[in-house]
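**Q** Chain by chain, the residues:
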Amino acid sequence: MRGTLLRYRVMASVVGVLLVVLILIGVPLANFDGTSMWGFIPSTPSWVTPGSGAQDLGEAITHNLGVAHGWLYMIFLVTAFLLARKALWEPGFTVVTLICGTIPVLSFWAEHRATQRVRREFAPELASPTTPTTPAAPPT
Amino acid sequence: MTSRLHPALRPKVWPFHVLGIAAVAVATSLGLWQHDAWQQHREMAAVDLSAQEPVPLAGVMTAGEPFPGDAVGLPVVVEGTWRPDLTLVVSDRRRDGDIGYWVVTPIAVPASETGDGDDPEDSDPSVVPGESGTLLPVVRGWSATADDLPAAPEGAVETVAWLQPGEGSGATDDDATDRVVPQMRLADVLRLVDGPMYEAYGVVAGPDAASGPVGEDPVNPGTDGLAPVTPDEVPAISASTGLRNLLYAIEWWVFAAFAAFVWWRFVKDEVDKARQPDDDGAPGPDLDAPDPATSPDPATASELVEDRRVPSGP
Numbered sequence: 004m005r006g007t008l009l010r011y012r013v014m015a016s017v018v019g020v021l022l023v024v025l026i027l028i029g030v031p032l033a034n035f036d037g038t039s040m041w042g043f044i045p046s047t048p049s050w051v052t053p054g055s056g057a058q059d060l061g062e063a064i065t066h067n068l069g070v071a072h073g074w075l076y077m078i079f080l081v082t083a084f085l086l087a088r089k090a091l092w093e094p095g096f097t098v099v100t101l102i103c104g105t106i107p108v109l110s111f112w113a114e115h116r117a118t119q120r121v122r123r124e125f126a127p128e129l130a131s132p133t134t135p136t137t138p139a140a141p142p143t
Numbered sequence: 181m182t183s184r185l186h187p188a189l190r191p192k193v194w195p196f197h198v199l200g201i202a203a204v205a206v207a208t209s210l211g212l213w214q215h216d217a218w219q220q221h222r223e224m225a226a227v228d229l230s231a232q233e234p235v236p237l238a239g240v241m242t243a244g245e246p247f248p249g250d251a252v253g254l255p256v257v258v259e260g261t262w263r264p265d266l267t268l269v270v271s272d273r274r275r276d277g278d279i280g281y282w283v284v285t286p287i288a289v290p291a292s293e294t295g296d297g298d299d300p301e302d303s304d305p306s307v308v309p310g311e312s313g314t315l316l317p318v319v320r321g322w323s324a325t326a327d328d329l330p331a332a333p334e335g336a337v338e339t340v341a342w343l344q345p346g347e348g349s350g351a352t353d354d355d356a357t358d359r360v361v362p363q364m365r366l367a368d369v370l371r372l373v374d375g376p377m378y379e380a381y382g383v384v385a386g387p388d389a390a391s392g393p394v395g396e397d398p399v400n401p402g403t404d405g406l407a408p409v410t411p412d413e414v415p416a417i418s419a420s421t422g423l424r425n426l427l428y429a430i431e432w433w434v435f436a437a438f439a440a441f442v443w444w445r446f447v448k449d450e451v452d453k454a455r456q457p458d459d460d461g462a463p464g465p466d467l468d469a470p471d472p473a474t475s476p477d478p479a480t481a482s483e484l485v486e487d488r489r490v491p492s493g494p
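Those protein sequence lines, which keep their order, are chains A and B. According to the numbering used here, the first sequence holds residues 4 to 143 in order. According to the numbering used here, the second sequence holds residues 181 to 494 in order.
Treat the hints with caution; some may be incorrect.
Stated by the list, open to error - List of simulated lysine to aspartate or glutamate pairs, DMTMM-like, C-alpha gap at most 20 angstroms:
1. Lys448(B) / Asp59(A)
2. Lys453(B) / Glu62(A)
3. Lys192(B) / Asp449(B)
4. Lys192(B) / Glu93(A)
5. Lys192(B) / Asp374(B)
6. Lys192(B) / Asp404(B)
Stated by the list, open to error - For the chain B half of the interface with chain A, some residues (derived, Cβ under 10 angstroms), not all of them:
7. Trp194
8. Pro195
9. Asp216
10. Trp218
11. Asp449
Just so you know, the hints here were simulated from the structure itself, not pulled from any lab data. Yeah, the Cβ is synthetic: ideal placement off N, Cα and C, and Gly gets one too.
Based on the provided sequences and hints, a complete structural model is requested.
**A** As structure tokens, then:
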């Protein structure tokens with residue numbers, strides 16, 4: 004349980020930070036120049052001068068981080084789902100944890116909420132890692 | 181037996197099905213969307229339209245609209261007014277091994293030509309025609325030097341130009357105060373011309389092109405004193421943009437597969453739970469039905485996790 008929780012927390016933190024950089028910094032810098040965005044958003048606020056260093060930074064962030072973030076997100080989903088299975092979360096809690104991981108800032112809350120729950124429900128096992136004492140653990 | 185329905189079809193499981201179908205459908209179609217963009221990039225790179233019969237600009241794209249993917253290099257007839265005051269040059273342009281500049285003068289295309297339909301200014305004779313139109317930056321030609329450029333043309337113009345989307349080579353403008361840009365990136369040009377502009381630029385078609393000049397003149401206007409720029413001198417569209425679309429497409433499909441797996445896992449849990457109390461009674465005939473979607477799988481995710489518990493201790 005320790006390892007599963009740690010893997011989930013590391014991935015949630017990495018993805019959460021990158022999500023903030025990508026969505027709250029990269030996308031506005033790259034796109035908020037008063038023109039249309041992505042073909043379906045008709046207009047954006049004119050915060051950034053087109054062609055300026057700030058916009059170049061924004062485009063560098065969205066271009067390079069965009070694809071990388073997608074793959075990291077896959078790893079995050081797998082670690083989160085493995086934790087959900089192991090901690091015997093009900094589907095509702097699992098889905099909320101997975102979906103909130105995609106929302107900037109809210110992802111940190113979801114990680115905190117999930118970690119608190121695991122720590123509460125698996126306190127004995129987390130406290131003494133050498134002998135797993137989950138009630139569900141089968142005698143070997 | 182509370183229900184004759186298969187456990188996977190009972191109302192309690194319906195929300196999983198709705199969410200599962202929605203997640204898989206959304207991820208799959210987003211993947212298809214990115215895949216289409218990737219294909220379009222490849223087609224844009226492959227097709228040479230430069231010898232086609234010129235068509236009016238208004239029939240190809242309108243102001244404020246994204247560049248149509250099937251119009252790269254298409255010869256268009258541009259009618260409007262030269263804006264010599266907005267002339268700029270693009271540096272680092274190669275021609276026969278020499279490095280020089282492109283000389284660019286925007287043409288203001290009046291509203292009647294932009295495809296926007298009836299504009300009140302169009303019928304008002306007091307308005308100088310074209311001065312208020314949408315700008316199309318037009319590459320007039322190549323020059324070895326940025327000094328000593330031939331005077332930019334003035335007045336009304338009708339010319340044929342090869343339509344191009346903006347470049348995005350990643351080169352940055354290190355001096356934003358001069359009228360030299362390092363690439364034909366439309367955001368850089370827009371900053372210099374400071375007015376409504378097409379999301380495209382044109383390259384004046386040369387005299388020997390099959391697209392040919394318009395009207396009485398033997399060559400398209402504005403090219404005096406400059407070497408012509410041919411479509412194959414236009415830098416190729418960045419291949420990395422297309423590759424990025426393909427990577428995104430694959431990501432979305434992997435995500436769709438993951439969503440499908442989670443969906444199946446949840447439904448399987450429900451099915452197993454529903455069958456548990458039935459075991460002490462008479463087992464239904466469907467209990468051991470060889471349904472591949474619900475048959476017990478020895479390597480379930482939870483068991484994999486159980487195995488990992490052993491090495492995870494310090």
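**Q** For every hint, state whether the structure bears it out.
**A** Hint check results:
no.: 1; hint: Lys448(B) / Asp59(A); result: violated, 49 angstroms
no.: 2; hint: Lys453(B) / Glu62(A); result: violated, 50 angstroms
no.: 3; hint: Lys192(B) / Asp449(B); result: holds, 12 angstroms
no.: 4; hint: Lys192(B) / Glu93(A); result: holds, 13 angstroms
no.: 5; hint: Lys192(B) / Asp374(B); result: violated, 60 angstroms
no.: 6; hint: Lys192(B) / Asp404(B); result: violated, 77 angstroms
no.: 7; hint: Trp194; result: violated, 12 angstroms
no.: 8; hint: Pro195; result: holds, 8 angstroms
no.: 9; hint: Asp216; result: violated, 12 angstroms
no.: 10; hint: Trp218; result: violated, 13 angstroms
no.: 11; hint: Asp449; result: holds, 8 angstroms
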